[in-house]
Structures are given as C-alpha cells and as structure tokens.
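Since chain A is already given, all that's left is putting chain B on it; use the hints.
From first to last, the protein sequence lines stand for chains A and B. For the first sequence, full-length UniProt numbering gives the first residue as 1, with consecutive numbering after it. For the second sequence, full-length UniProt numbering gives the first residue as 1, with consecutive numbering after it.
Among the clues, some could well be false.
As the list claims (entries may be wrong) - Cross-link-like lysine-lysine pairs, in silico, DSS-like; alpha carbons within 30 angstroms at most: (1) A/Lys152 <-> A/Lys84; (2) A/Lys84 <-> B/Lys500; (3) B/Lys404 <-> B/Lys169; (4) B/Lys500 <-> A/Lys152.
Just so you know, these hints were derived from the structure itself, not from any lab. Treat the numbers as computed from the prediction; the structure is a model and nothing was measured.
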Amino acid sequence: MASLRSMELEINGAQYALTIEPRVTLLDALRENLGLTGTKKGCDQGQCGACTVHVDGERVLACLTLAVQAEGRSIRTIEGLASKDDTLDAVQQAFIEEDAFQCGYCTPGQIMSAVACIREGHAGSDAEIREFMAGNLCRCGAYNGIVAAVRKAAQRIQGAAA
Amino acid sequence: MSLTDSPAKYGSVAGSETASGPLGRAALRGDGSLKVRGAATYALEQPVEGVLHCVLVQSTIGAGRVAAIDRSAAEAAPGVRLVLDAGNSLTLAPMPDFFGNTPPGDSYVPFAREISFNGELIAAVVADTLEQARAAAALLEVTYEEARSVPTFSDPRAGEGRAVDAMTKEWGEPDAAFAEAPVRIEATYETPREYNLPIEPHGLIVHFEADDRLTIYEPTQWVDGTARNYAGWFGLSFDAVRIVSPFIGGGFGSKAQGLPHSAAAAIAAKMLGRPVKLAVTRPQTFTAYGGRPATRQTLRLGAAADGRLLALDHDAASETSVTGTFTETLGIVTKMMYAVPNLSSRQNVVPVNTVLPGPFRAPGKNPSAFAFECAVDELAVELGMDPVDLRRVNEPDHDFETGKPWSSRRLLKCYDVAGEAFGWAGRNPAPRSMREGRQLIGWGMAVGTHPVYAAPGEATVRLLANGSVEVSSSAIDMGTGTYTILAQTAADVLGVPVEKVTVRLGDSRLGRAPVAGGSQLANLMTAAVHKTALAARDELVTLGLTDPNSPLRDQANTLTVADGRIGASRGGAISVGELLAATGRDHLEVTRDTLPEADRTPEERQRMFSTLAGRGALPDLPVSRHSFCAHFIEVRVDEDFGTIRVSRVVTAFDAGRLYNPKLAESQFKGGIVMGIGMALLEEGVTDPRNGRILSSNLADYRIATNADVPEITTISVGEPDYDATPLGGKAVGELSIVGVAPAIANAVYHATGRRVRSLPIKLDDLL
Chain A
1 MASLRSMELE
11 INGAQYALTI
21 EPRVTLLDAL
31 RENLGLTGTK
41 KGCDQGQCGA
51 CTVHVDGERV
61 LACLTLAVQA
71 EGRSIRTIEG
81 LASKDDTLDA
91 VQQAFIEEDA
101 FQCGYCTPGQ
111 IMSAVACIRE
121 GHAGSDAEIR
131 EFMAGNLCRC
141 GAYNGIVAAV
151 RKAAQRIQGA
161 AA
Chain B
1 MSLTDSPAKY
11 GSVAGSETAS
21 GPLGRAALRG
31 DGSLKVRGAA
41 TYALEQPVEG
51 VLHCVLVQST
61 IGAGRVAAID
71 RSAAEAAPGV
81 RLVLDAGNSL
91 TLAPMPDFFG
101 NTPPGDSYVP
111 FAREISFNGE
121 LIAAVVADTL
131 EQARAAAALL
141 EVTYEEARSV
151 PTFSDPRAGE
161 GRAVDAMTKE
171 WGEPDAAFAE
181 APVRIEATYE
191 TPREYNLPIE
201 PHGLIVHFEA
211 DDRLTIYEPT
221 QWVDGTARNY
231 AGWFGLSFDA
241 VRIVSPFIGG
251 GFGSKAQGLP
261 HSAAAAIAAK
271 MLGRPVKLAV
281 TRPQTFTAYG
291 GRPATRQTLR
301 LGAAADGRLL
311 ALDHDAASET
321 SVTGTFTETL
331 GIVTKMMYAV
341 PNLSSRQNVV
351 PVNTVLPGPF
361 RAPGKNPSAF
371 AFECAVDELA
381 VELGMDPVDL
391 RRVNEPDHDF
401 ETGKPWSSRR
411 LLKCYDVAGE
421 AFGWAGRNPA
431 PRSMREGRQL
441 IGWGMAVGTH
451 PVYAAPGEAT
461 VRLLANGSVE
471 VSSSAIDMGT
481 GTYTILAQTA
491 ADVLGVPVEK
501 VTVRLGDSRL
511 GRAPVAGGSQ
521 LANLMTAAVH
531 KTALAARDEL
541 VTLGLTDPNS
551 PLRDQANTLT
561 VADGRIGASR
571 GGAISVGELL
581 AATGRDHLEV
591 TRDTLPEADR
601 TPEERQRMFS
611 TLAGRGALPD
621 LPVSRHSFCA
631 HFIEVRVDED
641 FGTIRVSRVV
651 TAFDAGRLYN
661 PKLAESQFKG
671 GIVMGIGMAL
681 LEEGVTDPRN
691 GRILSSNLAD
701 YRIATNADVP
711 EITTISVGEP
721 DYDATPLGGK
731 AVGELSIVGV
741 APAIANAVYH
751 ATGRRVRSLP
761 IKLDDLL
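So that you can see chain B by itself, here it is in the shape it has in the complex:
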C-alpha cells in the first residue's frame, strides 16, 4: 500500500471536504435557523382562513363488507358540517399509483364498502373544530358483515402467492454448481412489517379557490407527481392544481403517493366549498398507507474451499395486499454484490388482508442485504474464514447481473479503512470468546449498496440587481439538505457567497422536478442548477458584450463573472447589478432542464416530471452505478438477561463526491440509527384473528431512541464519479441503512453463538 492510499488519509465524513468552491464544503444547513426557531412552516401550519377539520374513520374488521353506516347521530352533533362515506361521497376519476395499480371501475371513491384490511378508510367527519369532528366520529354506527381474513403471509391459508416475473433471474447452472460445491449452506431469513413513521404524520389542507382551481398544502416527496394525481382525480389540468410543500417532517418513502385520506379531504373541501384540514392520527398512519411488507428469503450458497462463491439460489417472498401488487424487490442486492458465476433468483408476492405495502427507505435493498449478508457470514463460519476475507475473495471486477463495468466501486477501500478504524484485526473469530464481566462482546460486519438512479430535473436561476441570486424548483427538502446544496451549487458557478443565494422549493408553480426518492434528488437537482447557472452566466456575459448600453461592450472578447462582479480578465469590472441597471433590467432569469434534447409537446414534457416516464427518457449508460458501504459493529449482550446494546459503529462509505459532507454525514448516521431500530426494535405486530395492527403507536412499535444509539463513526472513501452523475455524486440518503441489520445479527452471533435469522432480534431469542 502506497502512502497516498494510507487509511490515515480518510477522516470523518464531515471533515472530508475537498472543495475549492462552495459546492463540497461542509456548510451549515441553510434552513437551520427557521427550524430551531419553530418558524419553518409545515403543511398543517399554513395560515388558511376558515378551515374546517376532517377526522377519518377506519374499519375495525379485517375482511368483509360495510352493511350500513348510521350517520344520523354524528350529523346531529354540534359543529358537524358533513359526514362522508361511500354512500354520499363525490366520485373521482381513478388514478394509477406508481406501481401500476389502478382502482377498478370508471370512478373512484376513497371510502370502502368492501373491506380488504383492518384500518381501511370507510368514513370521514367534518366539523368546525377538531374536537367536534373527533367526538362526532365516535358516534358513527357501523354495521359490518365480517368475513374471515388472512392477516399475514405466516397464515397457512395465505398460500404461496404468485410469482413476479420481473424478479426471475438465472445464469450459469446454479443447481449443478450447488450440488457439486464442497461447502454449502442453506438458511431462511425473515423480516417483519416495518413502518416509515416520519415524526410529522400525514395530513393536508385543501382549498378550492374556485370550482376548477385548488391549492393543497401537503407534505410530499414529489410535488409534481402529487399535482398530477389531484388533477387526474378531479379532471382538471395540471396547472389548475397548486401543491405547496416547503417543509416536510420526514417521509422515508411514504409521502409521494395519492392516498385515500388525501382524496377524502379534497372531496370534503369540494363538497362544502370551504378549506378543509385533515390530520391523520398516529395510530391511523399504520393503515392509511403501507410500510415495508414482511419478507421471507431462503438462500442456498455453494462455495469452493477457498471461499469462492460457486452458486447462489435465492427464493424470496413478500406480502402484498389483496387489491394490488407491491413488490419489495428482494433479489436486488444478491444479484450484484459479489462474483457469483451461477445464480438463480425468484420472488413471489403473497396477497393478504393488509393495506398495500409501499416504499420504505432502501426498498428491496435493505431486506435483501439482511438475508444475503447474514448468509455470507454463515458461510464464513462454515469455511472457517474471516468474513472480510471471504468478501474480498468474491469481490467482482464487474456487475455480474448486467455484465457492465462499475462506474466506480471502492468497497475494498471501505474494508481497509473501516476495518482499521474499528480494530477488526484484533477480533477473535470464536463465538463467545470476547467479554467484559457479564457482558459478551460481539463484532460483526456487513456491506450495503444502493443503485444510482436518474431522472430529469428543471431549475430556474435569477440574478438580481442587488447582486443576490434566486434558485427555484418544485424539488423538495425533507431534511435531506436540498435547500443547502442547491445554494452551494449556484454559488459555485456564479462566484457569489452562499449567503447571497436564496433557494425556493416545494411549490408546483416553480420549475419541474422528479420524486425525492431512490436517493436520486441531490444528484439530479445539483446537475439541473449547475446547468442553469452556467446558462445564466453565459447570458450575463453575452449581455455585457453585446447590449448597446453595456459599459463593458467592446472591452474584450470575453468576460468573467466572480465575486458578484463581471469584467475582462484584465481591466475594470463592474458589479452584476450595475450591468443589469445599465442595460435596463432589474434581473436576468434563465430556466433549463436536463431532459435529452427532443421535440416534446407541453403535455409530454410535463409527464417526464410528474410520472416515472422521465427515467425512461434518459439514455441507458454502459456502466453499472452503485454506492457502497461497509459497516463494522460491536454489540454487548448481557449474559444473564439477553439484553443487546449496540456499543460501537464504524462505517466507511463510497458514495462518490459529497456535495456537503456535513449534511451527508447526518444522512449516513440517520440511516444507521434506523438500521439499529430495524435490527433490535421495530416490529409490526398483527392480530392473527382479524389483521388489526396491535403495535400501532410509538410506544408499542419501537423506534430507536437517543439512549439506544452510541457515537457513530462515518468515513468517506468516495471519489468523484463523473460516469455515475454529472457532478460526480452517487447515492447517499438510503445507502447507510443497507447492511446495518445483518452486521448487528452477525455481531450477536459472534457474541453469543446464537444465529438469529428473524428480525427484530429480541432478548428471548438469546435465553
């Protein structure tokens, strides 16, 4: 190892800034001051005059039908304006969800008569105050005809489900290779239902300013997709719907779709001609939308005596609802992570009486890595090899799934750097070999990955006479740092301090933007702002050179822009404001997008941003693009009580260029914290009799608290990857949760000798 490759080169993520300009610096969060003052205005806090309050009523049976709802007592209650159910609701036009599911029939009503899961929306009550609506909702008399439900895929009546063709993949001769492999393991891994649970619950304010024009204040990860959905429901044009979402109190995948409660609030507002506010209660959030489905994966690995993988067979299943298909793509990590010459992978979805599951941080990748990274650890034990060494032996020189070379893959560097920082070399491989008093100490590791996705984005850049810059887009910031990094991007191109840049986001009246999902938004929107700011700079230079009133005209054959001034490289410069004033302007505005050049109608163009069509418009690249990370984790298990504490985490990341290392570190750590919860705490518990979610609150569904989390060390080994994205970043937001749970499970095995293959790992698994 040369000196320049020494691990000593790599420090903490936040300290890893390498930038010469503003982009890449560890700048403080631009919206921080508003947030610490309580002055950031989230959706339900928007000042809308005269709002009525809407409260939801959900079914209390798991399957069957609503025979009758007696609305009379609720309608007679004080302050009540409207009681809505399937019998009196306005009907909407059906709209497809992301996954291609469209409600059956010609019209859509968000209130169910036929019940397919416990907690399904059946009615809503609107009243002058929240208290009145809540009290009246309790007066609804609902009569059910209950049918037998199949609440989970552990119920034998659920059956095997149906195969998802797109998930079937095979290469080589996996059966023969497995049969002949000298070392073989086979094991089944399970994860429970897990819920996104942003601390800001879902909700919205709907305001019809006219019959054919409405504004919706709603936390959404995708302003444009959300606007399109409401426009479709009400048969309006895209421009007739304004979505306002400047701050989002967390989403983690759950705030991008058109959900029944949103339709209910919009219907109420339309029918009453008054603005309506609806807040989904915390327990209701467990069934108002779906989280990660329960999964089951059986893995068979065959290896040579030296550890080389010879065969992988992956048989997976995940739950879906009885009314639609959501596929938690479980083969996604198993197929590309290592050099596997013979592979077979398939997946079923099993319909049960649940709300349709949905995307939750690193969908597919996260449970896929749990099963595979535990199985690789089991193989290492079987081989008597160090688990890092086993992974090194199987490091692939290209992506075996696509056959493409990697745009970059610095996972070996992750092993070097994180392993050294953790002290992995001092590990005694024997289980139960390390202890401190009555505490068994376990060291485990696992890797994570996330693909780099791409879609087009659009941005507007305005240069103002006072030297400041405005950047705007309908892209959103849910804590991911969009406000901050877009200001850094514009400042970088235009040569102004970050403080001079104002960023406006989260409003469908601004430029178009794709979904903040799949860890794609930072790369896409920095690229869009970069391109737009360059165009603005060029227009400014053209103005200076060619405008008859420009003081810089004929001074040179080019001009440079820096520090808010424009001028010839030798000679006088004037402020941008002076140039704008001299040429009779108070601003210069440029809008650009990153769609490939093509003739498109306005409707086609809009589809590129408000549906997933934009992804398809981009060219297929000749490289495989992924971020990577390696987690090294220590647990301490009380020998008498079986309690498990995570005591140390060291993770190295290869996520390409970090646009703001301080904010990237926060996201990295946040994913690890969520992974600790997944490994040890989080579990959706379902009543086997009727499908009721028993853990539908934040005390029974436990997420990690401050006291569950040790100091986490994060290290970046990433280098700018311009084959992956225009500005060299890779995927950040979802990457770090992938691999945490298996690293903890592997550490628990090392501490105790107990291999727990079903999450969460609880003390009774160890006693």
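Same shape as in the complex, but just chain A:
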C-alpha cells in the first residue's frame, strides 16, 4: 500500500508543502489538498481538458500528471493568471467580453489552453484557433465565443508587444 511522502510544489510563484501518497494526481492535490479549486475535474481521463494547467510553461493535463512529477517544476494555474494587483490577463478579459462561456466549468481549462495557444503562435487564424483549442470540450457550446476571445486577446497581446 502506498506510503505518505512529503513534497514541495511551486504553484503560481508560491511554495506549498504537502504530505500525500505518491499516487495522488496533480489535479487532486490542487483541489483536495491545497484548496486551489479553480482547476476543474471533468473526466479524470485526459479527455476533456478542464484540468489544463501549465508546468514549466507547457500545457499539461493535471488529471494525467502525478503531483510528484511536478516537484521541482513551476506550476501555473488559473488562480495565478491575473496580475498581483488583480488585473485580469488579456485572455480572461476577452473571455468576459466575448461571453466565451456559460456554466463556467470548462473555462479555467479553456483559458489556460488559450494562453498557451497564443504564446505558441497558434492563434494566427480562426481555423488554427479551432484546431488548437479542440482539446478543451465545452458542453454549453461556447466555441464561437472562445474563438473570438482568443483572436481578440492575441491581437491585444501582439499589439502590446509591438
């Protein structure tokens, strides 16, 4: 039977100490052990994208990642996206403006994917956005709004960088 193990996770720039079994997923560690419930569980099988977080800047499905695998790496969740003065990230702001969600449950995963999609340079056209956001399911069917929000945020980010 699994024994407990102490570990430290760096999440949104802060250090979190926890003692859990090695079989605990990053998703359950966030939600059940650390109270960081912004990351959602929609399937626990790597099929819906609701648990998308960034590990060392890359999109990762937290339900298919053990917490121990993230030790010593930099984890970013939806709670760490707004700036310290609470200003929303460009993607978060665009999601509100374009009404890119209804129930809001897939939204943190959509936004984490969208941030990476833009950073990876895959927001060049609506068709490209659709393809690179296709791993995040939305049963409310907010896909048109999501595409519009990613397009808008990408334009703002590129405008700011220019």
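Showing chain B alone in chain A's frame:
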C-alpha cells in the same frame, strides 16, 4: 413587403438590443469575473472541514441479482471508514420522481440487490482520502447470479412495449385522408441514446450538522425540489434541509432529480456522523442517471399536389427502464407545427435493461422534430417543391392540436430573414448539384419550436441605505444568465445601475423557485423580481409620504424613484439611503411571489414550488404559446471519404423579447452546437450481450469540439409577447437545438442524394 418589414432590420441576436432601461440590454455576464478567475465555487469545491470521500461501485451485469458481496478486504484496507451495500445500509423513505415513479415497498435503499441494468449502484466505499476509497472499492468481491438481459429496444425480445395513453391523439379521418392523398411518403427515423454530459460531473457534499439537520452542496437545477426530496428520504421537515448550489457546471436536464448516488452519500454521512464528499466518475455518469432514450418513429404524410398536408400518421416508440416509466414525448412537434386537418399520433414505451432515461435538452421536441422535419423534406422532394415553400403552404393560422390562437408565431419572418441571410434563393434543388472540387455541398433547412411553460416564482428585494439593491431567490444559474438578467430586472424597476444590484441564488434558505427546466426560469423569475421590485418601490414611496420622520412627508401626493434618489417630480430629491436613515432603517425588504391569490397553508405553498403542483395552480390561458426558429445549414461532404463538415449555419429565432440578447445568443449558439453533435457524433453504444455502455467516456461518446463548429449566425425576429409571459419573453434555452439535426440530415441528402434516417450520420452511411 414594406420597408419596415425589410430583413435588413434584423441583425445578429447580440446586436438586437432595443431596451430603454437595463432589461433587454446586452450586458456582460454578471458572474463572469468569478468564472474566469477560477473563483466561482462549484459544489465539490465548498470548504467543508473533515470530509470523507465516497466512491461508488456499479453492477457489471445487465440483469440478475447480487448473490453476495464480500466486504472484508475492502473494510480492512487503509483509511476505510465504511463499506455500504444493500445489506448494511440505513433505509430511507421512498420518494416519487418527477414522472410519478416511486420505488416499491415501504422503505428505500439506493443499493440494488436485484439488478435491472448494467451500471446500477450496488455498493459504496467511504475512506479518509479519495485514493484510499478508490483502491478499496476495487477490493470488493461481488458474486452475481446473472440473468439474460434485454439491453435495447432493437433486441427482438424487447417486444413492442406498452402504449402511453396520454400520447394518443387523433382528429379528422387520417386513414381515409392518407389513402386518398395524391402524394404520400412513409419512412422510419431513429435516434440513439444520447447523454447530457455536463462538464461538471454529478456529485455532492453532505453534512449533517445534527441528527435532524443537514446541509447539502450539490449542483441542482431545482433547489426546492431537491430539498423536498432529501427531507422526504430522511423524514425531516423541508426547513431542516439546506441545499447550497450557487454555481452549476451545466445540467441540460440531468441535475434536478433525487438520484441513488445522492442517497448513498447522504446515508454514509448520517451513519458516520462526518461530512461526506462523493464525485461520480465520468464513466459512472452514463448509468448513474439516464439521458435521452433511443427513439424510433414511423411517419406517414399525405399531401395534395400543391403541397397542402392532408394526413399525418405518427407511430412512435422510445425506450424506458424495466422499473419505471419515462416518456420521451415524441408527438409533441408533429401535432402543432403545421396545418394538418387529419392526424393520428401514438407512442409506446419499451422497457429494457437500462437506467431510467431522463430529460435532456428539449425532451420530446428534439427527436420529434428530427423525424418530422426530415419527413417534410422528403415530401418536398416527392412534390418537387422547395422545402421552405412547402412549409409556407402549411403555415397554420392557429394551433391545430389545442384549437387555440397563437400568442405569437413569427416563423414566416424567420424564413424570410434567415433564408435571405443564408442565400437560400441560390440553391439548386437537385442533389449532388453543388460542389467545390472534391467536396459536395449541401444546403438543408428545418424548423424548431419549444413551448412556453409557466410556474410560480418568489423573490426578495432589499434596498440598502448605501443605495445598493440585493435580489435573492433559490432559483439557479447554470450558465443560463439568471444572475445577470435578475440584476437587470431590478435595476430597470428601481432606476439604479446594474452594478448596484447584487443577486444571490441557489440556496434553499432564500425565496422559493421552480425548476430551471423547460426553458421557463428566465420568464418566471424576471416576472417575480419585477413584481417584487415594484412592490419595494411602492413601499419606499409610502415611507417617504407617510413616515413622521420622512423629510419628504407632505411634499407632494406622489414621489418618483430614479438614479438611487427619491423625490417629487418637481422639487428636491434625496438619496434612498437618506430616506432610510431619516426613518430609522438600514434597509427595506419586500418578498413577493407570482402564485395566484389564494389561502394556502405553508405546506401547500411550499408544495407549489418544490413539486410540479405549481404549474397546475396557474390559470389555463386562451392562447397557444411557443417559440420558433428556422435553421439554414450548409454541409460539405468529401466525395471520396464521406467525411461531413458543417460549414455554415444561419438561424432566425422568434423567442419573444430577449432579456439580454448577448446571453440569449450564447444559449442559441450552444443549442446549435449540441445539435451538430447530435446529428454527426453522439451515440450511446450498448453491448448487446449484457447492456454495458461501451461509449461511456468523452472519447468514445463524442460531443462537438471547437474544430467541429463553424461561425454561427443567429438573428432574432422576436417581438415582446405579453400574451405569452408577463415581461414578453418566450422560451430560449432549449429552442435552438430543436431542428438542427434534421437540417443537417436534409443538407446531407442535398449534398449526396443519400437519405440517412438514423442518427448520428456517419461517413460509412455515405460510402
């Protein structure tokens, strides 16, 4: 066509705001900021100290009985607090579901001994951590005595089922009219099991604060109905149960009933004296509750040479479980959509070894429209008529089913506006006549409808000294926009900016509210808040005119309230806060409901909101109330591979007044997206040997992804319909899915010449 009727008048839904006040504006979603921050707290995220974790165990046979469950290994596993099955479970009092099914006997246990479907709840394991509970659940030794199951109604042993009397309807002389009709078609249409699949799976936290008092954090479309159900199970009063459900991660009909897993978690919490959290796993959601049953419909249409419908015969069947009756009401659209002088409609339900099916977005209307709207397209082909023209010929001047006039029906306008925006006039009617390279292009259309339902609601409005307003009710928001439109309603009446209004929802300690289902809640709760806010305004005016300490006393014989101030129309005004302070108050609170005036005991009153009795309390109206829409859809089919892509959608809606066009557009588009999935992707696949759901996950049961959905154009042609509802809205939430699948099937026929009558349409249907 006069200039004012020109289609150019109608733009996108979100741009269609016509309001002078806050209600009707395309305001941003009020709870948006919380949701994009990950700060909206869904049920399983509520901070409850010391929770234990409960994991479900479901049967792996389709029929038979559980001979024995050896709990010993699981009970001995680390961290395990309790292993529950039918042998050691606390018993509850049986409670009826919405559909009138009550478990047999004097007591109810949510764990089955007699198995009636694969995936039925048989046991649960509670442990300190989720991982421990999951590991221990795998150690249960279950011995079955397996019997032969009848997994689907396609199994010949399922038989014909039994007739649902309420679904039998006949007028005119349908047999004779069909026999004499110069043009006739007959065809059978099928839809598979379809699943609601909100991205937030079902689950709950149960906390007994005392033996006779509990709080349940559970996503529910009906806080009051849910509270009543738990109170009934445990023999407690309604007030002893608190349901907390501020955010719901989607429901689509599936989150309104008292389900076995909820009873299991509550029993565990009661037996252990500790809060218990239970999360239904994604695969378990396919049998923890039922989705839309499989359906089969045979339609016979007879028409005159000019297209006028002469006869309609509709023979329908849907699956139900062997233990209860759920009727997917398949005749619902066929009976009212067109002018049909001779009609016969009937439906059987066929019991099979499945979980009891349940409501899923536009129950009845959705598959009913699939069959009928495909059949009308087939008739148009047979007649050599344009399918829009055929529908125009059969546009009814009243509802042929009820004989009542329409409260409003702007479907002809939908054809005009959406048809023009789509470019329908450029369609070559011949199949396989339009192409681009190796892609066959098909244009299809179909209509949708949804009835306007009504039930009473209750709201509380508090005016605070700082000029802000609080609105509260146990009504819920599952993404439908309730928070936003209720703030807009109160702001509209009270003359304050929307930002000054706080809305609290989803808590049974707040005012009563009916189910968020049947696309009714927006109309009912805006009406309740409107009435309550008007009463609050009146009380404020009375206070200003009559309170001995009011600075406004004797100033005038009436006062007006606007921009957070109250005063005479000519002369000085003071802030609402100043008036409250001067009269020795920090707030003014008013609660009103929309029940018809009558003497009722508190118990009767509560029944009006926590059961479907409230609907019956409302007067029968002399008009037929429905929303309508017309979908025009383009598909592209690869000639070599048979792959089907939806490339364009233009839909016009007649849903009355839209309380917030931006949020209504999101719901309209969402229903269309779900309809694309229904047409081309979604299919519950059942193992014919034992009834196991083979597609019980989000990879094998495919819902539409972002890459499956083109830019969708939605246009509102609705006008306020005050005969339908107090504030002029009609049905929005479920309307748009109705008619999408037949529009796509009709487009696929136009592209390929292949008429596919069984959903989903797959590439192998076209090769």
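query: Is the hinted pair lysine 84 of chain A and lysine 500 of chain B satisfied, with a Cα-Cα distance of at most 30 angstroms?
result: Since the Cα atoms of lysine 84 of chain A and lysine 500 of chain B sit roughly 26 angstroms apart, the hinted pair holds (cutoff 30 angstroms).
Check the hint pairing lysine 500 of chain B with lysine 152 of chain A against an upper bound of 30 angstroms on the C-alpha distance. holds (29 angstroms)
Given the hint that lysine 152 of chain A pairs with lysine 84 of chain A, does the C-alpha gap stay at or below 30 angstroms? holds (23 angstroms)
| said: So if I understand the rule, the pair passes when the alpha-carbon distance is 30 angstroms or less; does lysine 404 of chain B with lysine 169 of chain B pass? | reply: holds (16 angstroms)
This entry satisfies every hint, going by the numbered hints stated previously.
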